[in-house]
Structure formats: C-alpha cells, structure tokens
Amino acid sequence: MSIRTRILVILALIALSVFYLIPRDVTVRERDLQTGVMHDRTEKRMPLKLGLDLQGGMHLALELDQSKQVSADPGRDLDLALTVLRKRIDEFGVSEPVIQKVGDERIVVELPGIDDPARAKSIVQRSAFLEFRITDETNALEKAIPGMDRVLRQMGVRAEGAAAGKPSAVEQLLGGDSASKPAPKGAAPDTAKKPAPSRSEGAAAPDTTSADTATAANVGGGVLAGLIQPAAGGTPGEYMVPETAFPRVDSLLNLPNVARQLPRGVTLRWSSTPTSVGVESYRFLYALEDKPIITGSNLEDAQAQIDPLTNGPIVTFQLDRAGGRKFGNETARHVGDYMAILLDGRAQGRPPVIQSRIARNGQITLQGRTLQEAQDLALTLKAGALPIPLKIVEERQVGASLGADSIQKGITAGIVGTALVVLIMLTYYRLSGALAVAALALYILFTLGGLSLMDATLTLPGLAGIVLSIGIAVDANVLIFERIREELQHGKTVRLAVDEGFKHAMNAIVDSNVSTVLTALFLFQFGTGPVKGFAVTLIMGIAASMITAVFVTRTFYMVWLDRRPTMATLSI
Amino acid sequence: MLRFFANAKYDFIGVRRWAYGVTAALILPSLLVLLVRGLNYSIEFTGGTLVQVRSHKAVDVADIRTGLDREGIHGAEIQNFGAPGEYVIRARVAKPGTDANDTQVTAAAVNQALDAVLGAGNYTVIRTEAVGPKVGGELRQKAFLAIFLSFFAVLAYLAYRFEWRFGLAAILATAHDIIATIAFIGVMHLEVSLTVVAAVLSMVGYSLNDTIIIFDRVRENLLKHKKMRFEDILNLSINETLPRSILTHGTTLSTLLALIFFAGEVIRPFALVMFFGVFTGTFSSIYIASPVLMAIERRWPGALARGHMGPAAAATPAPTGRKVQPVGS
Chain A
1 MSIRTRILVI LALIALSVFY LIPRDVTVRE RDLQTGVMHD RTEKRMPLKL GLDLQGGMHL
61 ALELDQSKQV SADPGRDLDL ALTVLRKRID EFGVSEPVIQ KVGDERIVVE LPGIDDPARA
121 KSIVQRSAFL EFRITDETNA LEKAIPGMDR VLRQMGVRAE GAAAGKPSAV EQLLGGDSAS
181 KPAPKGAAPD TAKKPAPSRS EGAAAPDTTS ADTATAANVG GGVLAGLIQP AAGGTPGEYM
241 VPETAFPRVD SLLNLPNVAR QLPRGVTLRW SSTPTSVGVE SYRFLYALED KPIITGSNLE
301 DAQAQIDPLT NGPIVTFQLD RAGGRKFGNE TARHVGDYMA ILLDGRAQGR PPVIQSRIAR
361 NGQITLQGRT LQEAQDLALT LKAGALPIPL KIVEERQVGA SLGADSIQKG ITAGIVGTAL
421 VVLIMLTYYR LSGALAVAAL ALYILFTLGG LSLMDATLTL PGLAGIVLSI GIAVDANVLI
481 FERIREELQH GKTVRLAVDE GFKHAMNAIV DSNVSTVLTA LFLFQFGTGP VKGFAVTLIM
541 GIAASMITAV FVTRTFYMVW LDRRPTMATL SI
Chain B
1001 MLRFFANAKY DFIGVRRWAY GVTAALILPS LLVLLVRGLN YSIEFTGGTL VQVRSHKAVD
1061 VADIRTGLDR EGIHGAEIQN FGAPGEYVIR ARVAKPGTDA NDTQVTAAAV NQALDAVLGA
1121 GNYTVIRTEA VGPKVGGELR QKAFLAIFLS FFAVLAYLAY RFEWRFGLAA ILATAHDIIA
1181 TIAFIGVMHL EVSLTVVAAV LSMVGYSLND TIIIFDRVRE NLLKHKKMRF EDILNLSINE
1241 TLPRSILTHG TTLSTLLALI FFAGEVIRPF ALVMFFGVFT GTFSSIYIAS PVLMAIERRW
1301 PGALARGHMG PAAAATPAPT GRKVQPVGS
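Order-wise, the sequence lines are chains A and B.
Heads up: the first sequence begins at 1 in the numbering used here, then just goes up one per residue.
Heads up: the second sequence begins at 1001 in the numbering used here, then just goes up one per residue.
Don't take every hint at face value.
As the list claims (entries may be wrong) - These stretches of chain B come out as covered by chain A in the derived footprint (C-beta under 8 angstroms, 3 or more residues): (1) 1155 to 1161; (2) 1197 to 1203.
As the list claims (entries may be wrong) - Okay, derived cross-link-like pairs now, DSSO-like style, lysine-lysine, Cα gap no bigger than 27 angstroms in a straight line: (3) A/Lys409 x B/Lys1057; (4) B/Lys1009 x B/Lys1224; (5) B/Lys1226 x A/Lys492.
What the hints contain is simulated information worked out from the structure, not anything from laboratory work.
Beta carbons: idealized from backbone N, C-alpha and C, even for Gly.
Please work from the sequences and hints to get the whole structure.
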C-alpha cells in the first residue's frame, strides 16, 4: 500500500469517526398511539448513548407475583404483562425505554432519566384491575360475625379493645396471612379476579351460621363484633373499622376458618383510603356480590379530569360496545342498588347509588389524590390490567446528579491518565514517542467513534475501561519501538530496523490482543448492563489500538522516512 | 536514548525457588485470612437492598441504625460515603416475614426509617440497588461461569497458536493470578461486585498478554539459538522483553492511579484490583509461566524444545542448573 493510499484510509477513518460523534437530528417514523397513523418525529441523536448509571434512570426486573394468585399459564401471562407494560410506558412518555423479556420468567424495564422512581414503579407494578360490584343487601356480614367470633374464641383470639393497633402475639402466631395480604401502605394490589380458594372449601359452612342469625352484630363481645360496625348512611353492605384496627381485622378475616363463615356469593373488600369520621379515622369494609357486573377488560378509553363540582380529580372512562351493552343491562336491573368501584381489589370512594341505566360512559372519583395520580390511573386503565401482579426482583436506580458526577470524575481521571501516558511516551521515546501520542489521539477518536457506530452504551465501568485502555493501548507501540531499538542495536539501518521492528512485533501484538478479546467476549455474554458496557469498550479499544499502532504509526514512520531518506539515527 | 534495563542479564529462572517462597508466603496467610473472614460480596451477589442518600444534615450513623432496627431491618451496614451527609445503607437481610424476592418491601422499610431519622424531604435517594436472592444467585453463577469459560477459551486459543505446553503453562500462571487476586481482595476487604469480577477478568487478560509476549520471544529464540539450554532461552527472553514490560506496566499503572484517585468510590475497587493485577501478572509471567513451561518441556519435550534440554536430555534427567549462566553468548 502506498503512502498516499494509507493517508487516505486514515483520513477516511477520521472522517467516519467524527461523523459518528457529531450530534445530529434523526427522523424516527412511528405510529401514533391514539390515532394509529404513522408520522415522523425528529429527535436529536446524541453520539454516545449513556448507560443508566451515567445519565440517571431506573432498571427493574419483574416477575409474576404468584403469592396471591396463581397463574394458570405463566408463559402467556408474562407475554400479556409485557404488552401491557409496553403500552403503559409508551403512554408514560419516557425516551428510549427498554422493555424486554429476559429468559422465560422475567421482564426487564429500563427507564432512562426518570426523576420520580416511586411513580414509575407504581405505573409498572399497578395491576389496574377495574371491576364493578353490587353491594350485598342481605346483611350477610352482620349475620356471619357471631359465627366468626365463635371460631376466633375457639382459636384463643381475644378482644383487645378499640386500640388494637399493634399486632398481638396471638395474631402473629395465627395471622400468617397478613404477610400475603395487602399491607396498610396500600401498595400491594389485592386483585379480586377469583374468589379466595378457601371460600369454595367452606361450602357447607353457612348452615352453622344460620342458627345464630338472631344474635345482633354488636352483642356477645366478640373480637370482630367489637371492631366492625355498620357505617352511617344506610348503604347496604357498608361497614367501618377503626383505622388502627384495620390490619388486625384484615388478617383475622382472612383466616380460612373465619372466612368460611361468610355465605357463598359474598365477598369482602376494603376501601382504598381511610376516611375521617369526627376525630377518628375509619376504614370502610364492603360486603359485595361475588360476581362483578363488569371488569376493566371492556374498557376502551380513560381520561383524567378535574370534577368541576368537587374540584377533585376524577377518571372518566368509556366502555367498548359489548361492555356497554352488558353494563347497561346490569345497571338497569340494579336501579336503586349501590355499586362499588374496585381498583385492584380496593373500593374507590363510597359506592354510588345507581340512578338509572348507565351505558358506555362512567367515572371514578378519587378521594384526596392529585391530578397526576388520576392521570397515571387513566394511563394504566387504558393500557389494560396486568393478568397477574408483578413483583420487582431487582431494582437499580441512579439519580441524574450522581450520574453527572460520575461522568465528571471519569473525565478528570481520563485527562490525568492520558497526561501521564503522554509524558512517559515523550520522555522515553522522544520523536517516536510523539508519533505514538498522535496515534493515541487517533486511538481515542476511533474508540469513541466506533462505540457510537455500534450504538454501544457508555457505562461507568465502560468509562473506566476507556481510561485504562489508554494506558494499555500504547503497549503495541511500545512492542514495536522496542523491536526497532533492538534492530538498530544489531546495526541495521534505520529503514530496515523500522521494517523489521514492525514485522517482528506483529505476532506478539496479535496473540496478546486476541486473548484479551476472548475474555472480553465472555464478560459481555455474562455481565449485566454496566459490565457489558465495559466489555464493549474493551473490545472496541483493542480493535482501535491494533489499527492505530500497526497501521497509523507505520504510516507516520513511512512519511517521516520518506521525507528524510538519508536519516542515520532515529529519535526513539 | 533513554533506556531502562537494556541488555539486562538477570538470572530470573535461577532464583525461581525464592520467588515460589515469596509468593507462597504472601498468598497462604492471605487465604487463611480469607477463610476466617470470608469475601465481602456486594448486594448484587448476596441479594439485599442498597440505598445511597444525600442528606442536608449530617447525622450519626448510629441514629440511622436505630431507625432501621425500629423498622425491623437488623444488621444493616451503614457507611459514610464520600462527602458528609452522604450515606450508603446495605441491608442484606430482607424484612423478616416477607418474601425476600419481592425487593420492594425492604426498600420501602428503609425509606420509612430514613423518613423518621432524617425527615421526609430532607434527603434525596441518589442510588438504589435492590436485588432479590434469586437474581443474586443467578448473577453469582454467571460471574463464575464467565471466569471459568474464558479460562478454557484462552487455553484453546493458546494451544492453537502455540502448542498445549505453552497453553498449560500460561493457564497455570493465570490460576496463580486469580488466587493471588482473590487473596488480595480478601485482605483489603474489597467489595466483590460485578465490576470487580470484570476487573479480575481484565487482569487475567492483561497477565496473559504479558505471558504471551514472553512466550512469543521464547518461541523465536528457540528457533534462533539452536544449541542454547532451555533455562537460558527463558532468561534471555524475559530479559529481552524487560524494557517493554517496564514501559507498558508504567503507562498502565499511571492510568490506574488516575482512576484510583480521581474516578470516585464506585470505580476504586475495580482500579485497585487491576493495579494489583499488573504486579501479580508480571510476577506470574516470569516466575510461574516460564518455570512451569520448563518443567513441562523437560517431562514431555515438544519438537521446538528438543535439543535445548542440555546434552542427552532424553536419556538422563536434565541438569537442574542452579548456576548463573552467561546469557546470549
């Protein structure tokens, strides 16, 4: 290859690297989610994609949470959940999110630049299972309470008075269910898709309770009788429990023997938030018909709005055609009844009375929530419910400030490291060292350009890898220079020594680099995000160092020797 | 011309028994410490929750601990990280009675404890890592697999490029490096994270690099000096590559020092492991890889090494030659 061609190749490589490193606008063609029409969007393409650890953001690994609800077909449910998450995150509006299935049982979600991790998590995790149920009008719970208390007495559970906020030792012994039931924080969804399995086992139980129906709810001093009272207002099936006793009552009601006392066809649900009645805070408990009249699967659209009357946020929704027909029929049949709106198994607000037939439009009133929460709810409702709740098995979140900090520190380390390497090379090899430094500058350019070309993600370990590789990259040059020195020592002419030096150093350079690439490949295969980023920079760095040390430095020498054909001593 | 160790004639191989003693004296007690204390695995591998917070006011670490205990999280590690008011909390054990694979329960409890101690809104969470034991186990398994498989891939490559004798010697040197590095990590009590595993693998690559460059010279010199004894060939090759080694190690160590001092807390363990790796890699190339190659060639001489094992190498055991021989005559 002539000097001319070599220089052209180098210039082309420089141009290519620079081209890939200049931020520019790219056009993205995508489908509009509302209208389904394709349209073009222009966005700035930054040359090096930063990893979550550098730009800040969130990485979540999710699995099906089967502690409350067992999936019949986990593979299908995971695929469904993936689709739902894609829709939700699209609507949420994160730039360049990653949502993908990893293995057979895990979904990985990466959200760059998230500034509100709690909100992002709730959008990802919320089941968003919406259902409407008619409240129980047979006083089933009141009738069942004496029977429940008798069972509890037999188990040794005693009343503690109204201030039973802290779980007792007995409850901790018996109430093993409390861990699997929603905690008072309200984060864990309690999806009511299927009735609790214990209910069907207890099919014969109602007979035992009917004997006690005469006993009034508040008589007898039983644990539950003292804590559960009918709510004021006369809504059938509505009860209230002091907020302090809520976790305890919840765990007691979930004991299989207690739950069995409730007649078939009736199920209990809590309200989503506590309500203040006077100075006390109460939690509403609803006895509801087992079968929902309609669920969110018939939902077509949902929007968050501010209710002009109450000034509180509401979510209005439209049902699809089939849903509208079914809802219309059911509401027409239940005019005058009360209908609870359940989201993830918790009642939203107090059940409204059905005034007349309701067709396709409805609304959910959210008490004491912000408009943003209403928007998030509308978003998740529209995207659909998760078939099975998801649990987060891995979370990594880095604040944007920490990321910026890391970049700053990495760059400082890079500058100091490069300065030291340049100093060593210039002191030791003088003019030849200067050639190596020029090659090193190109090395850095090529590495970054190559990373951009490969659309690689730059992570913090990757950044460290680049800094480290600057020190290692000169190795190829060092090998060559040392060879040239040896050849010169053997009395060869400058030109011959340079030729021989390059030729003999090749073997060692290739062998050592291949072994490094091999280890890097395994790192890439088995590493997670940040470490993968490291492996990529390592591989890219090796490729770039081969090019610069072998090809670029060689060309520099050729030009140099071409200009000074009679050079007797080499500055090396 | 500035040149270090030009035309050096050190008898590296001759003093190899001393070197064995030194490395054994360093590694064995370190491994003992390691056995007693165990490795300090990161959250990624053990599972658990790490929260890094930046608080407006500095509080006593003990206060945070009390707050965590109140939330049912016991035995958490709390560390002042960098600036005052910046803390890293590592809770390796999930909140009792909860599903450890559901990482959110413990994370929520940590946040609640911080709300109580620092006051909600008085601090910002700048980093969270929550890993369930299941994911942790998988990551651990993958890390081991990566080290193990790269080991064999490199062996295969070396066997292909050189011959199995060289490959085996290089791999044994690498094994020494890994053991020495693990001992180093144990003694320094560095946190073993995925990044540190990456450092160990990079160190392996770097050390192999060094070994290969010497072996490359050995192969060349075996062809060039037909009559020279194998031990002398090794010494010659090591001495010839010495200037290169000094310079490359110098530049690599400079960038590593820059990383150690300027790149921050997250990268420091990585840089420290690599820093150590440069030394152990150099040592093992000279004192493990080369003598092992000699031992292998003595027992099962390859085509290249035949004729370098002294007079009548095949019939009588090769001389152990402890005497310093003039090199490169």
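Verification of the hints:
no. : hint                  : in the structure
1   : 1155 to 1161          : holds (count 3)
2   : 1197 to 1203          : holds (count 4)
3   : A/Lys409 x B/Lys1057  : 24 angstroms, holds
4   : B/Lys1009 x B/Lys1224 : 18 angstroms, holds
5   : B/Lys1226 x A/Lys492  : 23 angstroms, holds
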